[in-house]
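Number of protein chains: 4
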Amino acid sequence: MSNVKIAIIYHSKYGHTKAQAEAVYAGVAAVEGVEARLLTTEEAIAAIDSLDSCHAMIFGSPTYMGNMSADMKKFIEASVTKWGKRTWQDKIAGGFTNSANFFGDKFNALVGLMTFAMQQGMIWVGINDLAGSNERNALKTAQGPGPDALNRVSASIGPIACSFEVKAPDTPPKGDIETARNYGRRIAEITKRFNR
Amino acid sequence: MSNVKIAIIYHSKYGHTKAQAEAVYAGVAAVEGVEARLLTTEEAIAAIDSLDSCHAMIFGSPTYMGNMSADMKKFIEASVTKWGKRTWQDKIAGGFTNSANFFGDKFNALVGLMTFAMQQGMIWVGINDLAGSNERNALKTAQGPGPDALNRVSASIGPIACSFEVKAPDTPPKGDIETARNYGRRIAEITKRFNR
Amino acid sequence: MSNVKIAIIYHSKYGHTKAQAEAVYAGVAAVEGVEARLLTTEEAIAAIDSLDSCHAMIFGSPTYMGNMSADMKKFIEASVTKWGKRTWQDKIAGGFTNSANFFGDKFNALVGLMTFAMQQGMIWVGINDLAGSNERNALKTAQGPGPDALNRVSASIGPIACSFEVKAPDTPPKGDIETARNYGRRIAEITKRFNR
Amino acid sequence: MSNVKIAIIYHSKYGHTKAQAEAVYAGVAAVEGVEARLLTTEEAIAAIDSLDSCHAMIFGSPTYMGNMSADMKKFIEASVTKWGKRTWQDKIAGGFTNSANFFGDKFNALVGLMTFAMQQGMIWVGINDLAGSNERNALKTAQGPGPDALNRVSASIGPIACSFEVKAPDTPPKGDIETARNYGRRIAEITKRFNR
Numbered sequence: 001m002s003n004v005k006i007a008i009i010y011h012s013k014y015g016h017t018k019a020q021a022e023a024v025y026a027g028v029a030a031v032e033g034v035e036a037r038l039l040t041t042e043e044a045i046a047a048i049d050s051l052d053s054c055h056a057m058i059f060g061s062p063t064y065m066g067n068m069s070a071d072m073k074k075f076i077e078a079s080v081t082k083w084g085k086r087t088w089q090d091k092i093a094g095g096f097t098n099s100a101n102f103f104g105d106k107f108n109a110l111v112g113l114m115t116f117a118m119q120q121g122m123i124w125v126g127i128n129d130l131a132g133s134n135e136r137n138a139l140k141t142a143q144g145p146g147p148d149a150l151n152r153v154s155a156s157i158g159p160i161a162c163s164f165e166v167k168a169p170d171t172p173p174k175g176d177i178e179t180a181r182n183y184g185r186r187i188a189e190i191t192k193r194f195n196r
Numbered sequence: 197m198s199n200v201k202i203a204i205i206y207h208s209k210y211g212h213t214k215a216q217a218e219a220v221y222a223g224v225a226a227v228e229g230v231e232a233r234l235l236t237t238e239e240a241i242a243a244i245d246s247l248d249s250c251h252a253m254i255f256g257s258p259t260y261m262g263n264m265s266a267d268m269k270k271f272i273e274a275s276v277t278k279w280g281k282r283t284w285q286d287k288i289a290g291g292f293t294n295s296a297n298f299f300g301d302k303f304n305a306l307v308g309l310m311t312f313a314m315q316q317g318m319i320w321v322g323i324n325d326l327a328g329s330n331e332r333n334a335l336k337t338a339q340g341p342g343p344d345a346l347n348r349v350s351a352s353i354g355p356i357a358c359s360f361e362v363k364a365p366d367t368p369p370k371g372d373i374e375t376a377r378n379y380g381r382r383i384a385e386i387t388k389r390f391n392r
Numbered sequence: 393m394s395n396v397k398i399a400i401i402y403h404s405k406y407g408h409t410k411a412q413a414e415a416v417y418a419g420v421a422a423v424e425g426v427e428a429r430l431l432t433t434e435e436a437i438a439a440i441d442s443l444d445s446c447h448a449m450i451f452g453s454p455t456y457m458g459n460m461s462a463d464m465k466k467f468i469e470a471s472v473t474k475w476g477k478r479t480w481q482d483k484i485a486g487g488f489t490n491s492a493n494f495f496g497d498k499f500n501a502l503v504g505l506m507t508f509a510m511q512q513g514m515i516w517v518g519i520n521d522l523a524g525s526n527e528r529n530a531l532k533t534a535q536g537p538g539p540d541a542l543n544r545v546s547a548s549i550g551p552i553a554c555s556f557e558v559k560a561p562d563t564p565p566k567g568d569i570e571t572a573r574n575y576g577r578r579i580a581e582i583t584k585r586f587n588r
Numbered sequence: 589m590s591n592v593k594i595a596i597i598y599h600s601k602y603g604h605t606k607a608q609a610e611a612v613y614a615g616v617a618a619v620e621g622v623e624a625r626l627l628t629t630e631e632a633i634a635a636i637d638s639l640d641s642c643h644a645m646i647f648g649s650p651t652y653m654g655n656m657s658a659d660m661k662k663f664i665e666a667s668v669t670k671w672g673k674r675t676w677q678d679k680i681a682g683g684f685t686n687s688a689n690f691f692g693d694k695f696n697a698l699v700g701l702m703t704f705a706m707q708q709g710m711i712w713v714g715i716n717d718l719a720g721s722n723e724r725n726a727l728k729t730a731q732g733p734g735p736d737a738l739n740r741v742s743a744s745i746g747p748i749a750c751s752f753e754v755k756a757p758d759t760p761p762k763g764d765i766e767t768a769r770n771y772g773r774r775i776a777e778i779t780k781r782f783n784r
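Protein sequence lines, in the order shown, are assigned to chains R, W, L and D.
Here the numbering used here is used: the first residue of the first sequence is 1, the next is one more, and so on.
Here the numbering used here is used: the first residue of the second sequence is 197, the next is one more, and so on.
Here the numbering used here is used: the first residue of the third sequence is 393, the next is one more, and so on.
Here the numbering used here is used: the first residue of the fourth sequence is 589, the next is one more, and so on.
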């Protein structure tokens, strides 16, 4: 079988979402028989027709003021040319986001990415790491799981990174990066299974 | 290959969502090599372990006061026993809803069903009929597509039926029923492809 | 009492959301003792500090691909300077949207506007016209309320206009325009009551 | 002026949301000239007409499987008798939720409560404590704010408590309880201002 192609399309201003995107990319690229591409939203807009040959796309955006960034939305609007002809139909899709807190309405940013994928007729794959799955003892305290935990915040639609007021690359922390990598691997394996 | 099994689990009080569920069921059952089951949420709670062998589940709820019904939510809460062990992980999922208007915040009900599926590690498949796709001329008027149109309301996450103040079985109208049937077929074909 | 000031801030590409914004503006301006301003998002970004003296803001955006427009999001990101100091806290807020269909995931665009207002500490006022309230008979048919009906789609968070593939100013239709006007009046009256 | 009346209506299974509700109640009751009532959803259903005389209602639910509980939804469905006559129109509304993690799709539960309030024509007031506002130094570390911080998770639509796998009353922790109390006070003050 020819290779499965997966594009990771992200916007990042301060480097946090970029670090998360690189971790997703690494997870995708680690799966045999998968070709991974990493593009900023600006690059993706310029090369939008080249995405037609992908089997999956993973969208990453910071959460600013409770929603995906305007730059990510620009990419989404550029993709309207694919909508009427169902060009991206049945491709696998996923998404991730980062912000400087635990919650900050990031669910809303992920629902926005998922809704976009649904409008394109794509198929959405969420996260599979249970909350703090490698740090179970932390769940027994009021403090909750720490920065090394997988899926520290208990996200489901897609990976969530929490960077607080720490500059990249010191953050997102190890657990968030590993969660992103696991997600890339998960999307790659599901895409292979769907296209075998 | 052994048959692919798909369960449609729904709650209905006045018969509208039931009619929609039967149409989804008919669409699923029409696909060769697929075994379809239709259960109320009450039946599904009683037989919840039997769902473990399904390859896909499609959830249907009326929208009451801008959200899925309490009865549908009861089923979701009963499924918590599947969460920690990831029993339903990687199953295909979908959802649909009905209410007595065009909009009525039904998006919120569908996001609720999708979020539940994501918490279970399932894979979400949305609708693929473009808005009013069999009634394109209707889109050129202020009235919009009529009750015979496919995807009359332009939904994406799952089929939406609009029953207004008309009693079942005179409603949901023809277009909404056909949209539900198409969705059942779509889920069945994607489930087969994913499990071949 | 000095006048209550209300700004309507909108983005529009094809004129539909602009027509809706003008109707909201007319509804606000018709209330005695209220000073109304109508600004595009571009104008609002350039004059963002001038919004600090408003008692209420109403945000309007088209829904593109299931979310508010990138241009509206740019305004929201520009308002981050007001977030940390709680400059806009306790102001009244509202929102509206238009797209070329009945549904089209416009709920998601409105939740995005509402979430932004919540992040700023504002107070959200939704719509109050019941579904098709001036056209009750239409609710007894499969066709549903027509383009003259108030709140044709049964929205709650804010007014929804449905322009289909008809060019402005022939659309949004009469009912949607009147719904927008009623909403402007409602926001103005509640803002007065809150600031008397 | 006669007293302003505010009801807190909650569902709780393990006591966490109850503790949060009691803190909201304490915050409301501490404001002069305000009469506070605390009711379970079951009590509220039984005495639903008595809520008509309230000036504000605050709804609290645990988040189970990414949404409000079925028991909270039952109360919402019982309130449909208030919808058509706009009985609860222009009352102030708010909401809060608790779950055993930082995120867990609690945004979805809050949007559900807010959507319900919008369907009833109510006016929504969110939280006003900035993220970790009493523990700013914690934001400079990968760990983020601890259990003593106000608005530890950076919520906006309403207070969020994180109880992890600790039994009530040892949790929700101090910061979450204080956040809930502040919210009750905020709702009470805004309700007074709106009704003076």
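Hints may contain errors.
Okay, derived cross-link-like pairs now, DSS-like style, lysine-lysine, Cα gap no bigger than 27 Å in a straight line [to be verified]:
hint: 1; chain 1: D; residue 1: Lys673; chain 2: L; residue 2: Lys477
hint: 2; chain 1: L; residue 1: Lys584; chain 2: W; residue 2: Lys336
hint: 3; chain 1: R; residue 1: Lys74; chain 2: L; residue 2: Lys584
hint: 4; chain 1: R; residue 1: Lys140; chain 2: W; residue 2: Lys214
hint: 5; chain 1: R; residue 1: Lys140; chain 2: D; residue 2: Lys755
hint: 6; chain 1: R; residue 1: Lys18; chain 2: L; residue 2: Lys466
hint: 7; chain 1: R; residue 1: Lys167; chain 2: L; residue 2: Lys584
hint: 8; chain 1: L; residue 1: Lys532; chain 2: W; residue 2: Lys363
hint: 9; chain 1: D; residue 1: Lys673; chain 2: W; residue 2: Lys209
hint: 10; chain 1: D; residue 1: Lys593; chain 2: W; residue 2: Lys270
hint: 11; chain 1: W; residue 1: Lys363; chain 2: D; residue 2: Lys670
hint: 12; chain 1: D; residue 1: Lys755; chain 2: L; residue 2: Lys584
hint: 13; chain 1: W; residue 1: Lys214; chain 2: D; residue 2: Lys606
hint: 14; chain 1: R; residue 1: Lys74; chain 2: L; residue 2: Lys559
Covered stretches of chain W, going by a simulated chain D footprint (3 or more residues, C-beta under 8 Å) [stated by the list, open to error]:
hint: 15; segment: 224 to 237
hint: 16; segment: 261 to 271
hint: 17; segment: 318 to 326
Everything labelled a hint here was simulated from the structure, so no lab data went into it.
Positions of the beta carbon are idealized from the N, C-alpha and C atoms, including for glycine.
| query | Okay, which hints does this one fail, numbers in order? | reply | Violated hints (numbers, rising): 1, 2, 3, 4, 7, 10, 12, 13, 15 and 17; every other hint is consistent with the structure.
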